[in-house]
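J.: Residue-level listing of the chains:
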Amino acid sequence: MTTSSESRHGPTMRVYVTVWIALLCLVGAEVLLAYAHLRTPVLLAALLVLAVLEAGVALLFFMHLRYERPTLFWSLIPVLIFVFVLMDHIWPDALRLSSLRAP
Amino acid sequence: MAESAMMSHAGPGAVHAGALEESAYGIQTKKLAMWLFITADAATFGAVLFAYGYLRVGAANWSRPFAFFPSILNGIVMTVVLLTSSLTMLTAVAAAQRGRTAACVRWMGATALLGAVFAALHLREWFKMFHEGWSPSTNPMGGPPQFGATFFGITGLHLLHVTCGVLAIVVIALMVRRGRLTAAHVETTGLYWHFVDLVWMFVFPLVYLMNAR
Chain A
12 MTTSSESRHG PTMRVYVTVW IALLCLVGAE VLLAYAHLRT PVLLAALLVL
62 AVLEAGVALL FFMHLRYERP TLFWSLIPVL IFVFVLMDHI WPDALRLSSL
112 RAP
Chain B
81 MAESAMMSHA GPGAVHAGAL EESAYGIQTK KLAMWLFITA DAATFGAVLF
131 AYGYLRVGAA NWSRPFAFFP SILNGIVMTV VLLTSSLTML TAVAAAQRGR
181 TAACVRWMGA TALLGAVFAA LHLREWFKMF HEGWSPSTNP MGGPPQFGAT
231 FFGITGLHLL HVTCGVLAIV VIALMVRRGR LTAAHVETTG LYWHFVDLVW
281 MFVFPLVYLM NAR
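Quick mapping for you: the protein sequence lines, in order, are chains A and B. Letter by letter, the first sequence follows residues 12 to 114 in the numbering used here. Letter by letter, the second sequence follows residues 81 to 293 in the numbering used here.
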């Protein structure tokens, strides 16, 4: 089996296990928040922040994006964030619908 | 002159080494293709989750059917299983990069097994909900029927990705054992599997924890 030159760099198993433990802790934090009797918008925002943090950690370390060339990061991630920001524009309509309900 | 002499002696389909440009990303084409697929798939899941969020925020009486036991606990176990499968996949990639084929195949087998466990737990949750009267178009709690459509749609799309991932890992592992594929193939497969895990990082809190009772 050959080893490619670009895969000789990267984190050690210790880093992987540390990241794995950190992700499990974040999941635990999410479960605790779900039962903290927060208002729905606050809970949603908190869970989204934690989910984005988990995704970022997984992207950087598990998927090795931190160890790839910056061109790969800048080619993929900003455009994806742009797509999600555009999708964010639907929230005012959803909130308008919720306020149109009869009391 | 030397160049054209080389080309004239080359057979059909031969590629002149100087004609190939170095990749701007410094990675193999298969890995770049996987990254592009992951980006597109992330946009797909994002759209599905945004649509779910839109319906949930806009609905007056969104159902919250998931009790801690067994639903949320099952979700926690599924999350731990999937995160652990990412760790075993990383170990498989590391073994492949060190030339340890047998270890790589074993760790890929462990990853596939954990993926199958995740799928089984998920299906068990589904069948429990079917038994309670849930479906993509029915809501036994009397709330909006869109709950079923969004829940089964989102989790079904993710389960499809998990199933395809498990099958792909098994096939790649068998071909690695036969010496037909390299560490780069294992790494590329690993990228897909980590993406599947990453999507679950959003599905579990938004679909399960937001609807916990």
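Hints are computed from structural coordinates only; laboratory data are not their basis. What you are looking at is a predicted structure, and each value in this text was computed from that prediction instead of being measured. We treat Cβ as the ideally placed atom computed from N, Cα and C, and that holds for glycine. Among these hints, one or two may not hold up.
[Stated by the list, open to error] Label pairs and their computed distance ranges (CB to CB):
{"id": "1", "chain 1": "A", "residue 1": "L49", "chain 2": "B", "residue 2": "G106", "range": "40 to 48 Å"}
{"id": "2", "chain 1": "A", "residue 1": "V26", "chain 2": "B", "residue 2": "P220", "range": "40 to 48 Å"}
{"id": "3", "chain 1": "B", "residue 1": "V251", "chain 2": "A", "residue 2": "A33", "range": "42 to 50 Å"}
{"id": "4", "chain 1": "A", "residue 1": "A33", "chain 2": "B", "residue 2": "P150", "range": "36 to 44 Å"}
{"id": "5", "chain 1": "A", "residue 1": "S109", "chain 2": "B", "residue 2": "T109", "range": "43 to 51 Å"}
{"id": "6", "chain 1": "B", "residue 1": "R258", "chain 2": "A", "residue 2": "L106", "range": "21 to 29 Å"}
{"id": "7", "chain 1": "A", "residue 1": "L106", "chain 2": "B", "residue 2": "P220", "range": "46 to 54 Å"}
{"id": "8", "chain 1": "A", "residue 1": "L35", "chain 2": "B", "residue 2": "L203", "range": "22 to 30 Å"}
{"id": "9", "chain 1": "A", "residue 1": "I101", "chain 2": "B", "residue 2": "G106", "range": "35 to 43 Å"}
{"id": "10", "chain 1": "B", "residue 1": "G222", "chain 2": "A", "residue 2": "R25", "range": "49 to 57 Å"}
{"id": "11", "chain 1": "B", "residue 1": "P150", "chain 2": "A", "residue 2": "P81", "range": "42 to 50 Å"}
{"id": "12", "chain 1": "A", "residue 1": "L71", "chain 2": "B", "residue 2": "R293", "range": "14 to 22 Å"}
[What the hints assert, rightly or not] Not close to chain A: a few residues of chain B, all C-beta gaps over 10 Å, as computed:
{"id": "13", "residue": "G106"}
{"id": "14", "residue": "L116"}
{"id": "15", "residue": "I152"}
{"id": "16", "residue": "T171"}
{"id": "17", "residue": "A174"}
{"id": "18", "residue": "T218"}
{"id": "19", "residue": "N219"}
{"id": "20", "residue": "G236"}
{"id": "21", "residue": "H241"}
{"id": "22", "residue": "T243"}
{"id": "23", "residue": "L271"}
{"id": "24", "residue": "H274"}
{"id": "25", "residue": "P285"}
[Said to hold, decoys possible] Now the stretches of chain B that chain A is said to cover, found in silico as 3 or more residues with beta-carbon under 8 Å:
{"id": "26", "region": "155 to 168"}
{"id": "27", "region": "220 to 232"}
J.: Note whether the CB distance of A/L49 and B/G106 lies within 40 to 48 Å or breaks it.
T.: Hint holds: Cβ distance 44 Å, inside 40 to 48 Å.
J.: Against chain A, does B/L271 keep a CB gap of more than 10 Å to every residue?
T.: At about 6 Å from chain A, B/L271 fails to clear the 10 Å cut-off, so the statement is violated.
J.: Could you let me know if the closest chain A CB is still more than 10 Å away from the CB of B/T243?
T.: holds, 20 Å
J.: The hint says 40 to 48 Å between A/V26 and B/P220; measuring C-beta to C-beta, is that right?
T.: holds, 46 Å
J.: Does the hinted range 36 to 44 Å hold for A/A33 and B/P150 at CB?
T.: Check failed, 27 Å falls outside 36 to 44 Å.
J.: At the C-beta level, are B/G222 and A/R25 separated by a distance inside 49 to 57 Å?
T.: holds, 52 Å
J.: According to the definition I'm using, a residue is off the interface if its beta carbon is farther than 10 Å from all beta carbons of the partner; does B/H274 meet that for chain A?
T.: The claim is violated: B/H274 sits with its nearest Cβ about 4 Å from chain A, within 10 Å.
J.: Since B/T171 was said not to touch the interface, does its Cβ keep a gap of more than 10 Å from each Cβ of chain A?
T.: B/T171 is in fact no farther than 10 Å from some Cβ atom of chain A, at 7 Å.
J.: Just tell me: holds or violated, for the beta carbon distance of B/V251 and A/A33 against 42 to 50 Å?
T.: violated, 32 Å
J.: Taking the closest pair, is the beta carbon of B/P285 still more than 10 Å from chain A?
T.: violated, 4 Å
J.: So B/H241 supposedly isn't at the interface. Is its beta-carbon more than 10 Å from every beta-carbon in chain A?
T.: Correct as stated: the minimum Cβ-Cβ distance to chain A is 15 Å, above 10 Å.
J.: Could you say whether the range 21 to 29 Å given as a hint is met by the Cβ separation of B/R258 and A/L106?
T.: Violated, since B/R258 and A/L106 (Cβ atoms, about 56 Å apart) do not stay within the stated range.
This entry does not satisfy hints 3, 4, 6, 7, 12, 13, 14, 15, 16, 17, 23, 24, 25, 27, going by the numbered hints stated previously.
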